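> Start from the sequences and build out the full structure, keeping to the hints where you can.
Just so you know, the sequences run in chain order A and B.
In this text, residue positions in the first sequence follow my numbering: the first is 12, and each later residue adds one.
In this text, residue positions in the second sequence follow my numbering: the first is 38, and each later residue adds one.
Bear in mind the hints are in silico, worked out from the structure with no lab data behind them.
Note that this is a predicted model, so its numbers are computed, not measured.
Some clues are possibly wrong.
Within a straight-line C-alpha distance of at most 30 Å, the following computed DSS-like cross-link-like pairs (lysine-lysine) qualify [to be verified]: (1) K550/B with K127/A; (2) K122/A with K94/A; (3) K129/A with K175/A; (4) K72/A with K122/A; (5) K167/A with K252/B; (6) K94/A with K167/A; (7) K115/A with K175/A; (8) K129/A with K94/A; (9) K252/B with K94/A; (10) K455/B with K551/B; (11) K72/A with K252/B; (12) K75/A with K550/B; (13) K127/A with K175/A; (14) K175/A with K94/A; (15) K75/A with K122/A.
A short list of chain B residues far from chain A (calculated; beta carbon distances all over 10 Å) [to be verified]: (16) P81; (17) V92; (18) V112; (19) L142; (20) G240; (21) W322; (22) L333; (23) V338; (24) V438; (25) L523.
Glycine residues also receive a C-beta, built at the ideal position from the N, C-alpha and C atoms.
So you can see what is in the structure, the chains are spelled out below.
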Amino acid sequence: MLREIRPAIFVLVALTLITGLIYPLAMTGIAGALFPAQAAGSLVTRNGQVIGSSLIGQEFKDDKYFHGRPSATTAPDPNDSTKTVSAPYNAANSGGSNLGPTSKALADRVKDDVEKLKAQNPSQAVPVDLVTTSASGLDPDISPEAALFQVPRVAKARNLPEDKVRALVTQNTEGRLIGLLGEPRVNVLALNLALDTATGK
Amino acid sequence: MTAIGWIQILLYCAIIVALTKPLGWYMTRVFSGERTFLSPVLRPVESAIYWAGGVDERREQHWLTYTVAMLLFHVGGFLIIYGVMRLQAILPFNPAGQSAVAEDLSFNTAISFITNTNWQNYGGESTLSYLTQMVGLTHQNFLSAATGIVLAIALIRGFARASARTVGNFWVDITRCTLYVLLPICVVYTLFLVWQGMPQTLGDYVEATTLEGAKQTIAVGPVASQVAIKMLGTNGGGFFNANAAHPFENPTALSNFVQMISIFVLGAALTNVFGRMVGNQRQGWAILAVMGVLFLAGVFVTYWAEASGTTTLNALGLTGGNMEGKEVRFGIVASSLFAVITTAASCGAVNAMHDSFTALGGMIPLINIELGEIIVGGVGSGMYGMLLFVVLAIFVAGLMVGRTPEYVGKKIEAREVKMAMLAILILPLMMLGWTAVAVVLPSAVASMANAGPHGFTEVLYAYTSATGNNGSAFAGLSGNTFFYNLTLASAMFVGRFLMIVPAMAIAGSLVQKKSIPPSMGTFPTTGSLFVGLVVGVILIVGGLTFFPALALGPIVEHLAMISGATF
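Right, dumping it as structure tokens:
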């Protein structure tokens with residue numbers, strides 16, 4: 012048995028160096044050379060300033076922007092570090108609500124949100140993704156239905172014809188990959204950027 | 038449920054089946070010590086490792102020596118992770134300035150990673166430095182996965198060899214598995230993932246000013262290199278807290294699909310390795326068929342339950358299924374499929390929050406782990422777990438006809454059946470035992486995030502996942518407490534090593550036996566009768582053991598939900 016101790020040390024150290032340092036560092040170098048934009052986090056800039064990542068959702072509250080899904084991410088409470096406070100779209104601490112199907116807190120939250128949205132647009136059925144939190148709290152997408160649902164509000168806030176806003180939604184809708192994988196979706200940040208461009212600001 | 042959903046599921050199954058044979062062929066060559074197309078590059082590295090470690094690659098080991106070597110290797114792995122976590126504040130590659138990880142959390146995480154569990158009581162981006170992610174976690178993702186594979190290979194040698202004494206050389210197997218199987222796939226896979234949008238950088242977290250003028254700190258890091266092995270090695274520990282639901286850890290529908298394939302691919306290929314080594318590939322396909330039957334049944338239930346939604350959502354007129362805790366780009370079908378795959382294998386990565394699944398939709402992942410993660414299973418561990426059930430099923434078949442059972446030419450006798458039972462019974466002891474303790478301790482109950490039966494399921498799921506070395510969670514449970522850190526670590530440790538040692542003892546016992554040619558009275562183990570028998574034994578053993586606990590958790594919750602109750 013004692014003669015297994017030497018290989019236990021040397022094989023472990025060698026494989027640790029290969030898989031724990033050489034491999035990730037080499038991959039960082041190669042990936043950075045081949046796909047620099049993705050490797051750095053798919054960052055989006057406007058006027059030379061980083062405004063986010065195309066893959067990471069951000070919070071929109073203004074009526075003139077399309078809103079993303081509710082987010083359950085939290086941050087440490089600035090007054091008491093043992094507690095956390097709600098901090099939607101905190102991209103340094105991802106996570107979901109973890110509320111279960113019989114949770115009263117979840118039922119109340121969804122009911123409130125549905126009522127608010129119904130008041131905003133009584134003519135359409137409320138899309139489920141607009142009242143449910145995502146798993147990461149950073150979902151960059153909404154369903155095409157959820158985008159179309161918000162068209163009247165955004166058009167009114169921007170004094171644009173609804174048709175024009177609707178056309179922007181259609182342009183920014185991504186279908187399933189080869190018609191099969193994934194779900195149709197709209198990237199909220201991309202749509203809002205297109206909206207800002209269309210209205211010249 | 039939609040047609041396009043089922044097409045995705047069937048396409049997935051078809052790809053796994055198609056990859057099983059070529060990969061099984063390649064892995065058989067690797068573990069037989071033959072040359073492969075990568076040998077010109079990797080052989081010098083391999084030889085250098087043997088030279089440094091003083092390993093004679095032709096000298097094979099007795100099963101006990103093999104097991105001791107494996108355990109020593111893990112002691113070292115534990116010390117490396119624990120040390121790096123405790124010292125990360127003063128070590129390099131820490132741009133976010135993470136402080137040292139607490140003792141109990143470091144202990145839990147170190148056990149978690151050496152056992153291939155990767156339970157996340159830590160929140161990746163908010164707790165760990167890049168060095169910890171690489172040297173602590175990425176490296177152990179490789180080595181714990183390789184360990185699972187080589188143990189399965191040792192057990193397969195037990196079945197395949199006749200009248201022998203040794204089951205292989207652990208140092209040779211682990212080195213070859215890492216260098217020839219895991220590393221080359223991960224290099225290609227990492228580049229694919231970065232192409233899809235996954236970050237791979239050592240730079241600082243990004244400070245962005247959003248369109249509405251708010252500040253957003255975006256965590257990045259060497260993500261892709263870790264995710265590649267996390268999936269391929271069925272480790273499942275996330276770079277980020279939200280794991281594969283995080284858009285950086287799973288950016289597109291395609292990255293999601295490939296990640297799902299990579300969870301199953303090595304485990305499925307091992308069934309073919311088994312068939313090749315025992316000299317009849319149909320033996321391997323029969324085992325894969327058992328796995329396939331149980332897998333599709335699970336997918337059906339979870340997909341159906343999630344697509345049906347919850348009473349809460351349906352009562353408000355919301356259609357489109359249960360989207361709480363799911364991402365839009367994956368939707369219902371890819372989230373349901375992922376949940377079943379990750380728990381059937383002992384991966385534990387999640388692309389949706391299992392805690393927010395419907396009662397029945399979340400019960401299937403729980404059952405998958407309770408059955409021992411033998412439906413393809415963790416790389417290696419699924420194979421040896423399944424072979425334990427096969428031993429049991431063969432024993433039952435032997436009882437029915439009243440003769441000593443045989444499997445692939447080996448007589449299955451008292452010692453093998455005892456060892457198989459020991460391994461199979463140790464799991465529920467940890468899963469149910471610790472759950473029973475936790476639900477009567479007020480301090481442990483306080484960690485539940487949901488009230489009512491769902492809270493019970495959170496605890497049951499935690500110990501089940503830890504014992505099964507899965508690592509997925511009903512993540513509402515605040516597991517980062519002293520009690521949970523220690524008890525979950527004990528569950529992970531026992532669940533891993535007390536299954537391995539009996540499995541290796543079986544290998545050691547089988548390898549010495551003579552091989553008997555099949556006769557008229559031999560029960561054929563390649564047909565549908567055998568598949569049905571094994572499926573039946575798995576369901577009966579699992580059902581008898583776990584039904585009472587399931588009745589207290591998901592089943593009663595489902596009944597409460599359809600009657601409109603909330604807690």
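> In terms of Cβ atoms, is chain A entirely out of 10 Å range of V438/B?
holds, 43 Å
> K455/B and K551/B: Cα distance at most 30 Å?
Roughly 20 Å between the alpha carbons, so the hint for K455/B and K551/B holds.
> Quickly compare the C-alpha distance for K75/A and K550/B to 30 Å and report which way the hint goes.
violated, 77 Å
> Beyond 10 Å from chain A, beta-carbon-wise, is V338/B?
holds, 15 Å
> Taking the closest pair, is the beta carbon of G240/B still more than 10 Å from chain A?
Non-interface label on G240/B violated, nearest chain A Cβ at 7 Å vs cutoff 10 Å.
> For the pair supplied as a hint, K175/A and K94/A, confirm whether the alpha-carbon distance does not exceed 30 Å.
violated, 45 Å
> Far enough from chain A: is every CB of that chain over 10 Å from the CB of V112/B?
violated, 8 Å
> Are the Cα atoms of K72/A and K122/A separated by 30 Å or less?
holds, 19 Å
> Are the Cα positions of K122/A and K94/A separated by 30 Å at most?
Holds: K122/A and K94/A sit about 27 Å apart, inside 30 Å.
> Starting from K94/A, check that the Cα of K167/A is at most 30 Å away, please.
The given pair, whose Cα atoms are some 40 Å apart, is violated under the 30 Å limit.
> Just double-check L333/B for me: nearest Cβ-Cβ distance to chain A has to come out over 10 Å.
Given that every Cβ of chain A is farther than 10 Å from that of L333/B, nearest at about 19 Å, it holds.
> With a cut-off of 30 Å on the C-alpha distance, tell me whether K127/A and K175/A pass.
This hinted pair holds, its Cα atoms lying about 25 Å apart.
In summary, the structure is inconsistent with hints 1, 6, 7, 8, 12, 14, 17, 18 and 20 from the numbered list given earlier, while agreeing with the others.
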